[in-house]
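Using the hints, build the complex out of the two chains.
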Amino acid sequence: MKREGEVRIPSGCAIAAVIDRNGTPMPGSLIAGAMRPMHERSNGLGGGFAGYGIYPEYRDFYALHFFFTDRASRKDCEVYLKERFEIVKSEIIPTKKIPQVTDEPVIWRYFVDPLKSVLAAEQVDEREFVVRTVMRINTENRGGYVFSSGKNMGAFKAVGYPEDIAEFYRLDEYAGYAWTAHGRYPTNTPGWWGGAHPFTLLDWSVVHNGEISSYDANRRWIEMFGYKCTLQTDTEVITYIMDYLLRRQGLTLEEAASVVAAPFWSSIEAEKDPEAAAKRKYLRTVFPSLLVTGPFSIVLGFDGGLMALNDRLKLRSIVVGERGSRVYIASEEAAIRAMEPEAEHIRYPAGGEPVIVRLKGGLG
Amino acid sequence: MKTICAKGRESRELNDAIREAGDCLVTDCLGQRFLGAGLPGGHIEIGGVPGNALGAYCNGAKITVCGNAQDAVGDTMNDGEIVVCGCIGDAAGYAMRGGAIYVRDDAGYRAGIHMKEYKEKVPVLVIGGCAGSFLGEYQAGGVIVVLGQNGDGRPIVGEFPCTGMHGGRMYLRGTCEGIVFPPQVTASPATDEDRAILAPLVKAYAEHFGIDEADLLASPYTVVKPDSRNPYKRMYVEN
Numbered sequence: 001m002k003r004e005g006e007v008r009i010p011s012g013c014a015i016a017a018v019i020d021r022n023g024t025p026m027p028g029s030l031i032a033g034a035m036r037p038m039h040e041r042s043n044g045l046g047g048g049f050a051g052y053g054i055y056p057e058y059r060d061f062y063a064l065h066f067f068f069t070d071r072a073s074r075k076d077c078e079v080y081l082k083e084r085f086e087i088v089k090s091e092i093i094p095t096k097k098i099p100q101v102t103d104e105p106v107i108w109r110y111f112v113d114p115l116k117s118v119l120a121a122e123q124v125d126e127r128e129f130v131v132r133t134v135m136r137i138n139t140e141n142r143g144g145y146v147f148s149s150g151k152n153m154g155a156f157k158a159v160g161y162p163e164d165i166a167e168f169y170r171l172d173e174y175a176g177y178a179w180t181a182h183g184r185y186p187t188n189t190p191g192w193w194g195g196a197h198p199f200t201l202l203d204w205s206v207v208h209n210g211e212i213s214s215y216d217a218n219r220r221w222i223e224m225f226g227y228k229c230t231l232q233t234d235t236e237v238i239t240y241i242m243d244y245l246l247r248r249q250g251l252t253l254e255e256a257a258s259v260v261a262a263p264f265w266s267s268i269e270a271e272k273d274p275e276a277a278a279k280r281k282y283l284r285t286v287f288p289s290l291l292v293t294g295p296f297s298i299v300l301g302f303d304g305g306l307m308a309l310n311d312r313l314k315l316r317s318i319v320v321g322e323r324g325s326r327v328y329i330a331s332e333e334a335a336i337r338a339m340e341p342e343a344e345h346i347r348y349p350a351g352g353e354p355v356i357v358r359l360k361g362g363l364g
Numbered sequence: 001m002k003t004i005c006a007k008g009r010e011s012r013e014l015n016d017a018i019r020e021a022g023d024c025l026v027t028d029c030l031g032q033r034f035l036g037a038g039l040p041g042g043h044i045e046i047g048g049v050p051g052n053a054l055g056a057y058c059n060g061a062k063i064t065v066c067g068n069a070q071d072a073v074g075d076t077m078n079d080g081e082i083v084v085c086g087c088i089g090d091a092a093g094y095a096m097r098g099g100a101i102y103v104r105d106d107a108g109y110r111a112g113i114h115m116k117e118y119k120e121k122v123p124v125l126v127i128g129g130c131a132g133s134f135l136g137e138y139q140a141g142g143v144i145v146v147l148g149q150n151g152d153g154r155p156i157v158g159e160f161p162c163t164g165m166h167g168g169r170m171y172l173r174g175t176c177e178g179i180v181f182p183p184q185v186t187a188s189p190a191t192d193e194d195r196a197i198l199a200p201l202v203k204a205y206a207e208h209f210g211i212d213e214a215d216l217l218a219s220p221y222t223v224v225k226p227d228s229r230n231p232y233k234r235m236y237v238e239n
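Top line first, the protein sequences correspond to chains A and D.
By my numbering, the letter at position 267 of the first sequence is numbered 267, and the numbering carries on one by one without gaps.
By my numbering, the letter at position 168 of the second sequence is numbered 168, and the numbering carries on one by one without gaps.
Only chain D is shown next, with the shape it has when bound in the complex (with noise of 0.2 Å):
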């Protein structure tokens, strides 16, 4: 595996580098976009802060980051696989439709922002920690698994979950007491048809983190979905 030391390059010099390389170590990265930006295939592991948009367009490439990702990580993504071995900054998984993103630990705000699906194309986004406020906001498809590991206190998600949520589902560790859902959604146990959903993805992040899955996998789960085929039906005109 080539390794490509970042320091000092420009964002579009870096991506010209990687893409050359195909399997790649990259280490110091300090911000530079775009990484793995509609990159087709190969592997691509990163040492340091790789900066926002990182894999955007991602079409089948497999990146690691061996620490926290920035904002807008895996933008429209179609294909392939993200793991951060951290934590991720806001709008993780943007518009993604396709492929995975598997994150350690906590996720920012608008994790899974308009995710969406179409017929074998469906997107999974797993958060390890925690999630920000309007996670699954204007979620249209695709799965989003919150496990809310070390959340010392806190709840699994911030405020506002699935506002405009009208497609996919999502799957929080846990009863989701206390948390407000929007009446577009129903929120309930998930059914052995969910687990079925549920426990391949459990153990692949268990899997990718050397974490032991059982624990994950004992514990109930809520399945948040939307409550109808068209939830916002009469919301601003007849639709």
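Next comes chain A alone, as it looks inside the complex (with noise of 0.2 Å):
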């Protein structure tokens, strides 16, 4: 079968995320309900949740979620995965078997320790030989595709309405601080399996409603720094972009949201504050090629977090709520009240404009 990145068709979408900032777990049924009301918005070619806080016992070690074609290409990545890490723990992923969810991979995990030796060798830091790994098996075409790969959470994510990706994947067996969901409807590619959102790298998970008219540009720009973007699909570059501009250049959350949704130089001129105004035009000047353009609206999720934002024209929906210690994001406003009726303080942010929530007592 061609993966998704050899094809490219010439995307409604829907998005839903959940975080409670008192870090207490909830279960993944939770978000799934959430996808329900705007099962219109998918169109059966791609669904997929992460979820934060899942791997509690097995928190100081990646957890990497592979897709094997095949068991030899198992086999040929473990002895690739054996010479860069401990394997503490390697373990199938548990599914149910479905008639909603057919063809599926080889869907594995295994919770890593990369080797000291190897770090030392290489002269890099943990969290960018993690990168590198990724990098290097999902682009030499071994035959497995890592579509997660942080500490304490994980991606799960199949070809299918997302409702029936949560049974599939017996999400409601597993507990998160946080979780984000996505319902795909692809317009540009065919919607193969490593293609369905949450796109993850490192603990970062991007879920995206949109479509954005830079993907070249912005792919150009990032391909330099060693990402290879291999499935043409626009969430993939977000994704690394935010890892670029987060991890490896250090902003902050506000400014890469800056970077990406960068406000109009219009606006820059008529802020009233001189020194957001020069810092906005900074960034603007220094990531030109990271400014995503066209209609977008995401989910960021991170250790101890998530972000939403949208396009700065705003061609997205997005709507937030919260009720205690939880704060609801989605598309609709019906997808916040499946998960809570009585959500209170909705609110639409603008074009642009970051919504950040972050666990209260930082990462336990």
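Heads up, none of these hints are tricks.
Which chain D residues face chain A? A few, computed with CB under 8 Å, are given here:
hint	residue
1	LEU30
2	VAL49
3	GLY51
4	ASN68
5	GLN70
6	ASP71
7	GLY89
8	GLY108
9	TYR109
10	GLY132
11	SER133
12	GLY158
13	GLU159
Partial list, computed: chain A residues near chain D (C-beta under 8 Å):
hint	residue
14	PRO37
15	MET38
16	SER267
17	LYS314
18	GLU332
19	ALA334
20	ALA335
21	ARG337
22	ILE346
23	TYR348
These are computed hints drawn from the structure, not numbers from a lab.
Backbone N, C-alpha and C fix where the C-beta goes; we use that ideal spot for every residue, glycine too.
Below is the structure:
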């Protein structure tokens, strides 16, 4: 079968997320319920979830989720993994066979610790080491594809409707302090398991509704720094941009939001606070190729929090609500009410206005 | 009035039930789309959150929402009335060509985008709170009113209002200081003629939501109109 990046067809989608600021775990079934009223936003060609805080017993290890084309490719990839990591645990990701989800690859997960000797030899820090490994596996075509590589978090995705994907991956058996979800309606690519959202790298995960028109400009820039966009899908490039800006450049979330959803020059000129105007101008000037144009609404998940962001013209919808310690984010208010009928403070963030929610006590 | 519980019903099934019922109260709505689409008459009252494109192509029905509504309410609506007792999402009244939409609180982005009018068909969109950016984008006709209540210091309208506006009029309560309009429109204090158009709309709004109209009418208003019959004469080519 051809991989997604090898075919391009010239996206309505649905996104939702929830976080408990106290860090109280919530079952994956909660977020799965949010996707039901938004069923028509997807077309059955992709659905997925990311859960944070779901692997407390292996919190110190990178959780690598893999799709393998067959058993042989798993063996081949494992040999490579063992050259670079100590594999603490290796297991099949439990799934439930349901008629709505078919043609599944071999789905596996490893909890790994980078080998100190190899780290020292490559002279990079641990996170960069994991990123390089993921990029290598995903581009070398060994029949293995890493779709999740963070600590104490994991992505679960497939071809199908999101409600069915949740059942397939038995998400009700996981509990996390934050979840994101996506229902896909691909318009540019045919829909392969790896191309479903969330797209992840380390603990960053992105779910995205939209269709960015700056894909190639963004891709060309980001590929200069060792990222490889293999799937021709715009969400992949957003994930790598976030990793580049937040981890490698050390920008704050607000600054990264100001790069990808940069304010118009006219808005910068109209800004009354000269310091804020200078900063925005600086970010636009230094990272012009990371401006993401075209419609998008995204939720970025990371260790200890979530960030929701719209394109600066707000060509896609996003709604935020809360109740107690929980904050809910979705493409539609109905999805929020499906999670919490009594949600309060419903608001509609403006284009380019990031909504950042973190755990109260930081990471426990 | 018949009561229809929307719980667990798909959009199409719920819409069929509404069409069959005539006047009805729909409870427990959760994201079902296209409710009341193309309906020529009757009164639908909705509890819960109706989905996108509520009252699209509405052709005479009255729809009341007891809470917030989502995106694209009254898309290409031709006649009737939609009353939202809360906030409304993006692109309310998209390409509307008749009838009226009353929103008690705020509207999202692009309210009244591409509204149009022809002879006696003059659509009306009244927003009681503040409106998001791109209000009246490409407005070609009809009347948009924004009252800016409970703004808490927010501007009555977000950025880039009236972008591409080439017909109709917009009334914003207050003097609109600090709001930047494009050069192709004029913003000026409302005249007596304007107030004659505005007053019945504000009264209707106040009546719908039990708000005192006197305060609203006592305020100054700004009227925004395209500054000529052909404001974009040279935008791309001579036309």
